[in-house]
Structure formats: structure tokens, C-alpha cells
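*Asks:* We have chain A already, so just place chain B on it with the hints.
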Amino acid sequence: DTGVSQNPRHKITKRGQNVTFRCDPISEHNRLYWYRQTLGQGPEFLTYFQNEAQLEKSRLLSDRFSAERPKGSFSTLEIQRTEQGDSAMYLCASSSTGGGTEAFFGQGTRLTVV
Amino acid sequence: QKEVEQNSGPLSVPEGAIASLNCTYSDRVSQSFFWYRQYSGKSPELIMSIYSNGDKEDGRFTAQLNKASQYVSLLIRDSQPSDSATYLCAVNQAGGGNKLTFGTGTQLKVEL
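Protein chains in written order, with this note's numbering: chain A, 135 to 248; chain B, 25 to 136.
No more than 30 angstroms apart at the CA atoms, straight line, and that leaves these computed lysine-lysine pairs for DSBU-like:
hint, chain 1, residue 1, chain 2, residue 2
1, B, LYS66, A, LYS205
2, A, LYS191, A, LYS205
3, A, LYS191, B, LYS91
4, B, LYS66, A, LYS145
5, A, LYS191, B, LYS66
6, B, LYS133, B, LYS66
Partial chain B-side listing against chain A, Cβ under 8 angstroms, derived:
hint, residue
7, PHE58
8, LEU112
9, LEU124
10, GLY127
11, GLY129
Example chain B residues on the side facing chain A (calculated, C-beta under 10 angstroms, incomplete):
hint, residue
12, VAL28
13, GLN30
14, SER32
15, ALA114
16, ASN116
17, LYS123
18, THR125
19, PHE126
20, THR128
It is worth saying that the hints were derived from the structure and are not from the lab.
Nothing here was measured: the structure is a model prediction, and the numbers come from that model.
All C-beta atoms in this analysis are idealised placements derived from N, C-alpha and C, irrespective of residue type, glycine included.
Bound-form chain A, shown alone (with noise of 0.2 angstroms):
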């Protein structure tokens, strides 16, 4: 197991455009949480799962985003009608179940809305 794996690192997309992000978490973690980062803050919560089921989602994922984990192994996050502020990095992270758990964190997808 190599750690949790997002696809693609970078993506560039013209404003209104669809774009999708995977992740693939460790495998034997049943939690998955997306967070963003922007320049010069730390990563903001954006939703989590356990296993398949959606248990939190942020004020801050507009009706624009969603995400999935359709059989509770990798997720997607889905950005629809980007704007320029939808620029960011979009981090993954997953954990086993538990308090304390400790959280690893995939190597992100930097996304530039242009």
C-alpha cells in the first residue's frame, strides 16, 4: 500500500466548466474526508465519509460540489460551473475509524480556474 492517491495533480479548466477529482484512500481506512487549501491558509474541511455513507458535508461546498463514495472505497469530488475562487488545492485524506485517528493526507490536485 502506497498511501492515498489523488488523480490528477494539477488541473487547469476555463471558468463554467465540470471538473472531477479521485481518491483513492489506504486501504484498510474507512474514512475519507476532502479538505481545500488556499495560499497562505491551512486546509479547510470540506465533506468526509465513512465507508459509503456522506456523514458531514461544510457550509463552505456550495450546491456546486458534490462527492461520492459510490462502494466505500475510492470518492470522487465533482465541481460544477467553476469559478475563478474554486481555485485551490483539493486534499484528500483518509483514516480508520476511531478517536484520535490519526488522518495522511494524499499529494492533492492543485486546481486553476482560468
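*Replies:* Leaving out everything else, chain B in the frame of chain A:
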């Protein structure tokens, strides 16, 4: 008041010195605390976790937690130029499903 606060820095220390990074948090029921290191353009890398009051040591790193003061710190002994990075403090609130709240990070520069 931000939920997790860190001094943005930069904090500059000479090679071989001890670097001390600090973090305060606002939610008293927070249970788990983490330090991540992030190099420019890369994703955060977990370097320390701490769950109970006191010190936890791992190699050159020591995390310190004081829940009464709502304070967590990271000490890096024998600082190396390769330690130059942004250090993110993260807090897991009770019942938060391991969701982390991050500070904005402290930039550390270790100078030769």
C-alpha cells in the same frame, strides 16, 4: 476568535538550534492534536500526534499539550535546513468524526 491559532512567522532559527512552534485552540472539548509539516507546493505530512497532557517525544520532535491552557506546542531539536517548511497545527473536536480544524501554519526557516 479563530478556532486554532498559530503565529504565521516566519520563525527563523540557526541550524542546530531548537525551534519552538506554538498553537492555541478555542474548543475546550477538543481531544486530539496533530502537527503536520508542509513543504511549499506539497501536501501536509503528519509528524506528531498527541492526545493527553504532557510531552510526547519522537526523535528530534517533542509535542507538548496543556489542555487547561488550551495550548499545544512542537519543539524541534537540532534543527536542520531540511526542517524549513510550514508547520500546521490541527485539532480534532469531540464527536467530529476525526474531522480536523487547522491553523494557518507557522513558516519555519532554518538558516545555515
